[in-house]
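Visitor: The residues making up each chain are set out below.
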Amino acid sequence: AQSVTQLGSHVSVSEGALVLLRCNYSSSVPPYLFWYVQYPNQGLQLLLKYTTGATLVKGINGFEAEFKKSETSFHLTKPSAHMSDAAEYFCAMGGYQKVTFGTGTKLQVIP
Amino acid sequence: NAGVTQTPKFQVLKTGQSMTLQCAQDMNHEYMSWYRQDPGMGLRLIHYSVGAGITDQGEVPNGYNVSRSTTEDFPLRLLSAAPSQTSVYFCASGRPGRPYEQYFGPGTRLTVT
Numbered sequence: 001a002q003s004v005t006q007l008g009s010h011v012s013v014s015e016g017a018l019v020l021l022r023c024n025y026s027s028s029v030p031p032y033l034f035w036y037v038q039y040p041n042q043g044l045q046l047l048l049k050y051t052t053g054a055t056l057v058k059g060i061n062g063f064e065a066e067f068k069k070s071e072t073s074f075h076l077t078k079p080s081a082h083m084s085d086a087a088e089y090f091c092a093m094g095g096y097q098k099v100t101f102g103t104g105t106k107l108q109v110i111p
Numbered sequence: 112n113a114g115v116t117q118t119p120k121f122q123v124l125k126t127g128q129s130m131t132l133q134c135a136q137d138m139n140h141e142y143m144s145w146y147r148q149d150p151g152m153g154l155r156l157i158h159y160s161v162g163a164g165i166t167d168q169g170e171v172p173n174g175y176n177v178s179r180s181t182t183e184d185f186p187l188r189l190l191s192a193a194p195s196q197t198s199v200y201f202c203a204s205g206r207p208g209r210p211y212e213q214y215f216g217p218g219t220r221l222t223v224t
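Protein sequence lines correspond, in order, to chains A and B. Numbering (my numbering) for the first sequence: 1 to 111. Numbering (my numbering) for the second sequence: 112 to 224.
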């Protein structure tokens, strides 16, 4: 069965510091992987995606993620946090008809 | 394009009442789905549809019905609301050939008392 695990339900970083949000997956077939961002009282917005090809994927707002098959990971990073990055982030894994979401990580950015 | 729209934004129901959450998209997406979001549990798939006339159950379908008579609309029906259905409901759609890249609506916050 497919599953997605996000380590840490809350992460706090200082403004300007590195952001690292962790995601591990379990899948019997090569996965499609995604990160979504949810700002307060809004729907989810696609941040970036990995389907095939280059394992380092760049997304919007300066975020990137690296697919590491050997570690079954797809961690999300940003070199320098901005106050506007405060939101909840969801890692997700897609099959053709269903998407499995992680439980989410709330990112707090401290001024 | 309006994208994915959901109505209402907020709703309060009493136990046993029924209602329909509306979802529409204007992107000609074949794939549509309904999720519920609860604290600490992420998003859980309720029902999904791969095209007009075709629906299937997701992870937590009990207590919910769906139908898909047109490509644009995918309503979610609560037949007899229960407090356990208090949640935020999101509708999403996915474009042809890439249904897993989902576009989300703004959500409906439902409270059942």
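Check each hint, because a few of them may be wrong.
Stated by the list, open to error - Just the calculated beta-carbon pair ranges, DEER-fashion: (1) 125(B) with 106(A): 41 to 51 Å; (2) 155(B) with 41(A): 17 to 27 Å; (3) 18(A) with 191(B): 30 to 40 Å; (4) 121(B) with 106(A): 35 to 45 Å; (5) 186(B) with 98(A): 35 to 45 Å; (6) 80(A) with 180(B): 17 to 27 Å; (7) 151(B) with 20(A): 36 to 46 Å; (8) 165(B) with 106(A): 28 to 38 Å.
Hints were generated in silico from the structure; no laboratory data involved. The C-beta atom is built at its ideal place from N, Cα and C for all residues, glycine as well.
Visitor: Sort out which numbered hints this structure fails and list those numbers smallest first.
Guide: Violated hints: 1, 3, 4, 5, 6, 7; rest satisfied.
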